[in-house]
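**Student:** If you're matching them up, the sequences are chains A and B in order.
Numbering of the first sequence is given in my numbering, commencing with residue 658 and proceeding in unit increments.
Numbering of the second sequence is given in my numbering, commencing with residue 658 and proceeding in unit increments.
Just so you know, these hints were derived from the structure itself, not from any lab.
Be aware that a few hints might be false.
[What the hints assert, rightly or not] For lysine to aspartate or glutamate, the following EDC-like pairs were computed, each having C-alpha atoms within a straight-line distance of at most 16 Å: (1) Lys-664(B) / Asp-692(A); (2) Lys-664(B) / Glu-693(A); (3) Lys-756(B) / Glu-737(B); (4) Lys-756(A) / Glu-861(A); (5) Lys-756(B) / Glu-861(B); (6) Lys-664(B) / Asp-688(A); (7) Lys-664(A) / Asp-854(B); (8) Lys-756(A) / Asp-854(A); (9) Lys-664(B) / Glu-811(A); (10) Lys-664(A) / Asp-774(B); (11) Lys-756(A) / Glu-737(A); (12) Lys-756(B) / Asp-854(B); (13) Lys-756(A) / Asp-688(A); (14) Lys-756(B) / Asp-688(B); (15) Lys-664(A) / Glu-737(B); (16) Lys-664(A) / Asp-688(B).
2 protein chains.
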Amino acid sequence: MITPPAKSTFSAAERAAVYRAMRSRRDVRADFISDEVPEDVLTRVLEAAHAAPSVGLSQPWRFIIVRDVATRRRVRAAFEEANGTAAIYDGARAELYAKLQLQGILEAPVNVCVVCDDDPQRGHGLGRQTMPETARYSTVCAIQNLWLAARVEELGVGWVSIIDPLVLHRILEIPAGLTVVAYLCIGYVRAFADEPDLARAGWETGLPLGEVVDRERYGSR
Amino acid sequence: MITPPAKSTFSAAERAAVYRAMRSRRDVRADFISDEVPEDVLTRVLEAAHAAPSVGLSQPWRFIIVRDVATRRRVRAAFEEANGTAAIYDGARAELYAKLQLQGILEAPVNVCVVCDDDPQRGHGLGRQTMPETARYSTVCAIQNLWLAARVEELGVGWVSIIDPLVLHRILEIPAGLTVVAYLCIGYVRAFADEPDLARAGWETGLPLGEVVDRERYGSR
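Please model the entire structure based on the sequences and the hints provided.
**Tutor:** Written out as structure tokens, the structure reads:
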């Protein structure tokens, strides 16, 4: 049974569009094409990120747009170095790992490094006395908004986590008081795959929702 | 200038719906009404969360749905206790803080505690050698999906961060190996405010986008 929302301000078609953006969003690595991303499109995507919730309205996120190829080559080298130690697998899984494409730093024309001010003056500390990590969580909310906005602009986004954040600090001149939360590769794509790359490659399968939902207390399922 | 996306699969109206969901999403505390949230609506919202990206396809998030009033009263008491020590302000700001409503634990008919498995077996560690915090970040991506799905279902969401996570572990029987990422209050609302509550109350103002965007290196702005 589908219950219609009370006093809807979103039509059924509009709700479906939002759900479709979420379902068809992919972590893109191998499918980038080199078409330029216009500044106005990138601005819309960053505006979406900037509309995210933040603890105490602190807006602790900062975005560094990287288009320069020389800079991206240095980041790519940092990925290669980290990937040497991240390849911890044996046997068949090592063979599978070697086949995965895990980044599109040079293939995507735009990269965005997302950093967080872990102790923002803005917001006056509201909500961070008990859970200081909420500044970083706010920054991740911004990233997910960015990812969904990119999807409806037909832009793929790939999050590179196989990299030493301290190397990114050096390359992008990020001060010590800030934390690198994500390094994102952004560009148009050949196509959005029906399934996550890691599912298609046989690396991992998705869980059914029932496996991650409890009622009233943890472990009820 | 508005550049249309290449090979659009989202119409202009569909893209606008996604952007409107993001812009009109609010952190709701004072505006909940008591109408029940039907199970099928809640399931759609949780399916949206479960469609989030996750490092290594590890899907480390777990959702505990709390409807029981006795349980929510205990959580509310935990908020009150934490809020006693979080009220660190003096003078005019202390008066302003005292007026803010910071949670809707009992007013919203559904609460969802979101926890994260920080060291999931699923995903085989991919992407977590260099940045183990990406498991929690994945969980926050799921929360932002939930928040936006709730918006198009006309449900408000309020994130309570003024609470001791260890007390939530006790109340909800969450094992030690898991981390509480968020405690969310969910329900239908009287209205979605035009601005964030903290902006309306004069606690903080929003930054223009230009203040949070750099080019090629940090600090270029």
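**Student:** Are there hints from earlier that the structure breaks, and if so, what are their numbers?
**Tutor:** 7, 10 and 15
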